[in-house]
Amino acid sequence: MNRKKWIGNIVKYTLYALVATFFIWAIANSYFDYIFTQSGTFLVLLRQHIVLVLVSSILAILVAVPAGILITRPKFKKAEWLVSNVANLGQTIPSLAVLALMISILGIGFKSAVFALFIYSILPIFRNTVAGIDSIDKNMIDAAKGMGMKPHQILFRVELPNSAYSILAGIRTAVVLNIGTAALAYVVGAGGLGVWIFTGINLFDNGFLISGAIPVTLLAILADYILRKIEYIVVPKGSRRIEKA
Amino acid sequence: MISFKNVTKRYGEEIVAVNDVDFTVEEGKIVVLLGPSGCGKTTLLRMVNRLESISEGEIIINNENSKDLDAIELRRKIGYVIQSNGLFPNMTIEENVMLVPDLLGWSKKEKRERFEYLMKLIGLDAKDYGKRYPHELSGGQQQRIGVVRALAADPPVMLMDEPFGALDPIIRDKIQEEFLQIQREVKKTILFVSHDIDEAIKMADKIVLLRNGEIMQFDTPSKMLSHPKNEFVSQFFGKDRAIKSLSLHTVEDLQTIIGLGPVDESVQDTKTINIHQDLRNTLSMLMNQEADQVVVKNDQDENIGTITIDLVQKYLHFEIKGKMSASQEG
Ligand SMILES: Nc1ncnc2c1ncn2[C@@H]1O[C@H](COP(=O)(O)OP(=O)(O)O)[C@@H](O)[C@H]1O
Ligand SMILES: [Mg+2]
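Chains R and A, in that order, give the protein sequences.
Under numbering that gives the first Met the number 0, the first residue of the first sequence is numbered 0, with each subsequent residue one higher.
Under numbering that gives the first Met the number 0, the first residue of the second sequence is numbered 0, with each subsequent residue one higher.
Just so you know, not all the hints are guaranteed correct.
Claimed, not checked - Ranges of calculated distance between the beta carbons of each label pair, as one might list FRET restraints:
id, chain 1, residue 1, chain 2, residue 2, range
1, R, K149, A, A165, 24 to 32 Å
2, A, G258, R, K137, 54 to 62 Å
3, A, A70, R, K137, 16 to 24 Å
4, R, K11, A, G104, 47 to 55 Å
5, A, G104, R, K137, 51 to 59 Å
6, R, K11, A, S137, 36 to 44 Å
7, R, Y231, A, L179, 41 to 49 Å
8, R, Y12, A, K173, 48 to 56 Å
9, A, D127, R, R227, 25 to 33 Å
10, A, A165, R, Y231, 30 to 38 Å
11, R, H151, A, D127, 29 to 37 Å
12, R, L69, A, K173, 39 to 47 Å
Hints listed in this document are in silico derivations from the structure and should not be mistaken for laboratory results.
For each residue, glycine too, the CB sits at the ideal point set by N, CA and C.
Take these sequences, add in the hints, and give me the full structure.
Listed below in structure tokens is the structure:
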């Protein structure tokens, strides 16, 4: 046990040291300068990025969670494997291919990017919703029925609270992935911080690259943090899992 | 009262889980459904609260045909306890126990009072335990909560599917006693599933012994032990069924019929036993006993005599074997 902890700590602090070194190196070379010298552009790109992520994530949640709930109802149980497989298949298509397809349908711009990101976020949320609900002890549902709870009462008072952890974890995964993937929105002309990242790559300009990539990373870390806090508030105390790492 | 009228349950074309079952659970009595695994006990039980549909026949609950009632309302009037307790981990103990009253729209005050009363029944502190979550309780405590949850809205009828099956023997014994004590107070009409012969003998006013979905015998425990109707029944209860039947008799019964031995005040090494103790436990105590004398005490804590293995054997011979042989002749 102790040995494991030691190794864990060494890895952790080594990583911290690397990150710190990186920042010192980047600042020393004034790679972050664009954020300040072109702060107007930066804020526009940042806003575009956040809007892309928010709109596509919210749409994905609104579709995937109800879909997950619906597919786990007894009536649709038989269709579950079919839907899951189709959704899985969707995930294996490369993001650029989805983008390319969207451009041909929706044209270049915001809509295509949002749609592609939306498609991408659906699966993790859907899968975790289904897994969360399916993992609930069947005896518990049986007890709920036997006590005379109506289907909607079972859903809202038993199934959802006890799968909240899994559903929110799915949303968190989707949003964090989404923040990274949204950098590709540049490709369809939907802006976002990807603009600077790709400019940096094309011009071999570390300044643009880092001024674009670091905010994306920080955004992902921030989203992860906020969503974990929300999880802590929303997941009922009794069904919270002992999952401290 | 629960009456089964020629009830049959089929799954598909092939499987007949329950076959033409006909019996009645009288008001305020416990009927135990007993039999090997897969004999249809759970299916029979779940047809009462309509968790399973009935293929043929009908079930009458307190003079109403179950199929004429709304399933949701029916279930709220029937307490339901399952082996794995089925407590909801997201709810506190109080929320769990008060779930049905909550569904029925009781006031806060009514719920509070009822919760305190129920917790008193099982000897747990309402204030302390009310706010805890199920995972913060031991298995035995969880199962007790499962039982009082079923009692919460004071339903006239209770269905219990191997409610104590997952507990270890010592705790199971205690909870069985405690439950019988509660039953003396609340007098529910109870259908109780068990695959444990000792549990059935202990809990049942009457036992329904099932095999492959058919009733082999429906009788009181003592009748079933002394007058097994067929080969299956006598084999099911085993060769030691005479000893098993001892648990239906108390030291008091023995005293009434053959009397106790005298107390020798000069003997130092003495152990005591209560007059209401059943004879099976008494016998095992006597057999494990290193004491020279076992003294019987009444409720006033007075020594009223001694008991020995010989006396128990004599009682077994006269009272139980006598009945058994009489049954074979008659
Ligand atoms: N949903 C079902 N579909 C098909 N067969 C079932 C179903 N439920 C129970 N059975 C069958 O019915 C019989 C009785 O089962 P059950 O009532 O659970 O027995 P017990 O509770 O006595 O162990 C078993 O043979 C079982 O396989
Ligand atoms: Mg069973």
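Structure-based check of each hint:
Look at R:K149 against A:A165: about 28 Å separates their beta carbons, and that is inside 24 to 32 Å. At about 56 Å, the beta-carbon gap between A:G258 and R:K137 stays in the expected band of 54 to 62 Å. Separation of A:A70 from R:K137 is about 19 Å and conforms to the stated range, judged on CB atoms against 16 to 24 Å. At roughly 53 Å, the beta carbons of R:K11 and A:G104 sit within the given window of 47 to 55 Å.
Remark: the range hint 51 to 59 Å for A:G104 to R:K137 is contradicted by a beta-carbon distance near 28 Å. Distance hint check for R:K11 and A:S137: the Cβ-Cβ separation is about 37 Å, which falls inside the suggested range of 36 to 44 Å. About 44 Å separates the C-beta atoms of R:Y231 and A:L179, a value consistent with the hinted range of 41 to 49 Å. The hint said 48 to 56 Å for the Cβ distance between R:Y12 and A:K173, and at roughly 53 Å that hint holds.
Between A:D127 and R:R227 the Cβ separation comes to about 31 Å, which falls inside the hinted range of 25 to 33 Å. For the pair A:A165 and R:Y231, the supplied restraint of 30 to 38 Å holds, since their beta-carbon distance comes to about 32 Å. Taking the beta carbon of each, R:H151 and A:D127 are about 33 Å apart, inside 29 to 37 Å as hinted. The beta-carbon spacing between R:L69 and A:K173, approximately 46 Å, falls within the hinted interval of 39 to 47 Å.
In terms of the numbered hints stated before, the structure departs from hint 5 and from no other.
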